[in-house]
Amino acid sequence: MNIPSSIWTLLVGIVVTIVSLWYGQNHGLLPTPASDEAELVDGLFNAMLTISTGLFLIVEGALIYSAIRYRRRPGDDSDGSPIFGNIPLEILWTAVPAIIVIGIAIYSFDVYNSIGGFSPHSVHDAPIEEQAVRMPGAAIAATLSDTSPNTDSNLNQEKSDAAMQDPATAAVRNADQIPQRQNAPGVGVVSPTIGASPDKEGTPPALTVNVTGLQYAWIFTYPDTGITTGELHVPVGREVQISMTANDVIHAFWVPELRLKQDAIPGRQSEIRFTPKTVGEYKLICAELCGPYHGAMNTQFVIETPEAFEQWQKEQQVASLDLQQLVAVNSADLSPAEFLAPYVSDLGIQPEMLHQVHHTHH
Amino acid sequence: MTQAQLQEGANISALSEEPGGRKWRDYFSFNTDHKVIGIQYLVTTFIFYCIGGVLADLVRTELKTPETDFVSPEVYNSLFTLHATIMIFLWIVPAGAGFANYLIPLMIGAKDMAFPRLNAVAFWMIPPAGLLLISSLLIGDAPDAGWTSYPPLSLVTGQVGEAIWIMSVLLLGTSSILGAINFLVTIWKMRIPGMTVNQMPLFCWSMIATSAITLLSTPVLAGALILLAFDLLAGTTFFNPTGGGDPIVYQHMFWFYSHPAVYIMILPFFGLISEILPVHARKPVFGYQAIAYSSLAISFLGLIVWAHHMFTSGIPGWLRMFFMITTMIIAVPTGIKVFSWVATVWGGKLRLNSAMLFAMGFVGTFVIGGISGVMLAAVPFDIHVHDTYFVVAHLHYVLFGGSVLGIYAGFYHWFPKMTGRMLNEFWGKVHFALTIVGLNMTFLPMHKLGMMGMNRRIAVYDPKFETLNFICTMGSYLLAVSTFPFIINAIWSWMYGPKAANNPWQALTLEWMTTSPPAIENFDKLPVLATGPYDYGMSNGDNKEVENVPFSDEKEPALAAGPNSALRADPDPKVAANPEDRK
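Line by line, the protein sequences are chains A and B.
Mapping of the first sequence onto full-length UniProt numbering: residues 1 to 362, in sequence order.
Mapping of the second sequence onto full-length UniProt numbering: residues 1 to 583, in sequence order.
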């Protein structure tokens, strides 16, 4: 019996769909999701991977099928059929990718909104003033730090000042040496941010941690308790806000299990908010090239039960007191290898580090 | 009579057997023949490709194990910085210009480029810029802030190396601006009479699109680099935060060029593939206008997507959405091209020679890079994988699986025209097989590495990634090995290969209508179009009506004309289609 080609097309379509759907859910390409936000991002990725698998199979299948089925047979010097185009087909394959990308864009938009991408520093923080817009040269002035026509306060400076209220944070940040960025009038952006998810909008986070990136370490300060540490500990199920900046070059805060990444930029304050979900120990990585020892700039990120977190806080408070007693080490006497040894071997911050920070900046 | 015979019959090959470059010395001189310059570009850039490849293998050797046990972290950073800079600015971008130099005047029936001396100047900026860049490695102070050279890092690492990097990239950018002006003017003003824009070979369209973005975006990179040089050498603080400068402004300026640059790196090869597929599939290219205009659409959209490189750095939330959408829209014109290429090979009579295999390999691997590009455009996912090996995998699928395979396809396709000799097909196929296996082995595992948590540009990594990294490293060695059959084949065939006919592939575009290699000034007589550039299969040798081949300015219709045939310029296509009706 001669099977019509449309049935073959149908069968191929069904097989491609089944394989794509299966692979989109069972790819095992992403690490454990450890935050509420991570699950949303994974859903988006699975959807994209399902569509991608289908597209991949169709295009590669068509190429390989053509290479076998339509290869020139020996002795056949004739040409293929002269088909120059097919308008309905071309409209179809313009429309289908267009619809797919619109779908992915809407889905991404939704996920981005749900994880708090639009949250805190929208325009209402510093409204566009008509006067500023009408001023001649306003657009040029917007790029100059000292001629802002906007009387609104500098949000970036405010955030920096707020963080510096905490003595521990002030001790590790060299904000006195790096001027804080002024904001362009009307936009009022501190820096790109993943803020509160829409359901938590307007509520303060349960825990705030100030993070400072410097070559080649992360320093975490907890303004509520005065703890300074080289490991990030957070309790499970409570929303955490990370307020970060960098002391020297650009670093990037990344915990793969959180699916969140944010550059820490000298002179700018940036924030991310997330809700830890899965208890465990993960790696916090610097993702932006920050110098030769960039690869060694990582540390522990611990999501623990509230009880364990309380316990850890108590231990740290005792340790912080001891720290004050230590004598500073002159970094100039250390070779780079000695300087870096502690970070490479134990991924934590040693007391000497903090004293070097003092030494360098005061 | 086939379309190819018709087209060849309508044009007389140049009488002079003398090729553009008469002696080997011509290729080392300030020669103004576009063919000599084209070959100068291609050979020079290939040498830089080999140097960049050695650097890549050193990087991969370091990454074979999780520890830093091969080179120091400082040297490691220099290696990947130079690898990327060489591959982008000294290989892929100028290799595209090399093909354009060689092919465009031939394809449009011109004697040379519009500005031959400017053309030579553009080429002769490349060797000194390349040597300058590599010299930084020899003086022990190579740039090590990555090819993006983000301040403030680039301002606090080695000053000499960074200054050399800036100078070198400025020279290379100037060279590509000069080239772009030349291509635009040549294509626009020097086509033979009768060749309308819709009858140009698609490679010309892709070079118009490429040159437009080169002219619009390269000056912005130059601006960024000059300001960076001021910060570095004169102590200004445009980008230096310690004086209140804004490092994010550099990123905007840098990516305003460097994102469009990926289209500068891929569009010429989109054009080459659109030339090669129909010839060896023996079918007209499917959707000529769709392919032509999609190049322009990519060129335009390419200019408004740069901030997708900055989703995790310094742009406001709502702006991320804008750049996400513009980035995703590029998938539409790119998709049109891919589907059109697949439709071109579908139902053809595929001659699976080396050029065709590389061209089909280009389509197959570029698709993977394109798909991962759409994924990267989705902001929430990009935030996760930005600055990881997922990005490394994506860009290598586009630039190795796309551009490099496209360059190889072009080498195999036009080698007979350039040298007058045929390449060995067996070794070409060996080259193809090794390259495809090597490239997938090297770059496919990187997708998983990135998603699992391996960030890029690191010399030490978590031991749990060791197995996948080992596979990548072995793949990179295979890629290195894969170039040997090509190099040996090319040199041997250039000297001793069998003589090539003027039109060994029975192609229809004008470069095949002259001698192989073409004489100085290309054509003895102004060439004419007897058919469109892709009218394959219009007649399968059974058309007995046409005995008189039309010559030069006579617009005598011969065979049924395809939509891009010059014969269609006739006011009444029906009359044109049937000569009997005209009597």
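Be aware that one or more of the hints could be misleading.
Stated by the list, open to error - Keeping only pairs whose Cα atoms sit at most 30 Å apart, straight-line, the calculated DSS-like set for lysine-lysine is:
hint : chain 1 : residue 1 : chain 2 : residue 2
1    : B       : K448      : A       : K277
2    : B       : K464      : A       : K283
3    : B       : K448      : B       : K23
4    : A       : K283      : B       : K448
Stated by the list, open to error - With beta-carbon atoms standing in for the labels, derived distance ranges:
hint : chain 1 : residue 1 : chain 2 : residue 2 : range
5    : B       : I487      : A       : D76       : 31 to 37 Å
6    : B       : L132      : A       : D76       : 49 to 55 Å
7    : B       : V249      : A       : Q25       : 24 to 30 Å
8    : A       : K200      : B       : L132      : 37 to 43 Å
9    : A       : I14       : B       : K525      : 42 to 48 Å
10   : A       : P88       : B       : P219      : 40 to 46 Å
11   : A       : N86       : B       : A433      : 30 to 36 Å
12   : A       : T9        : B       : L215      : 44 to 50 Å
Honestly, the hints are just simulated from the structure, not real lab data.
Note that CB positions come from ideal geometry on N, CA and C, so glycine has one too.
To see whether the hints hold, each was checked on the structure:
no. : hint                         : result
1   : K448/B to K277/A             : 23 Å, holds
2   : K464/B to K283/A             : 12 Å, holds
3   : K448/B to K23/B              : 51 Å, violated
4   : K283/A to K448/B             : 17 Å, holds
5   : I487/B to D76/A: 31 to 37 Å  : 34 Å, holds
6   : L132/B to D76/A: 49 to 55 Å  : 54 Å, holds
7   : V249/B to Q25/A: 24 to 30 Å  : 43 Å, violated
8   : K200/A to L132/B: 37 to 43 Å : 54 Å, violated
9   : I14/A to K525/B: 42 to 48 Å  : 59 Å, violated
10  : P88/A to P219/B: 40 to 46 Å  : 43 Å, holds
11  : N86/A to A433/B: 30 to 36 Å  : 34 Å, holds
12  : T9/A to L215/B: 44 to 50 Å   : 45 Å, holds
In the structure shown, a violation is registered for the earlier hints numbered 3, 7, 8, 9, in ascending order.
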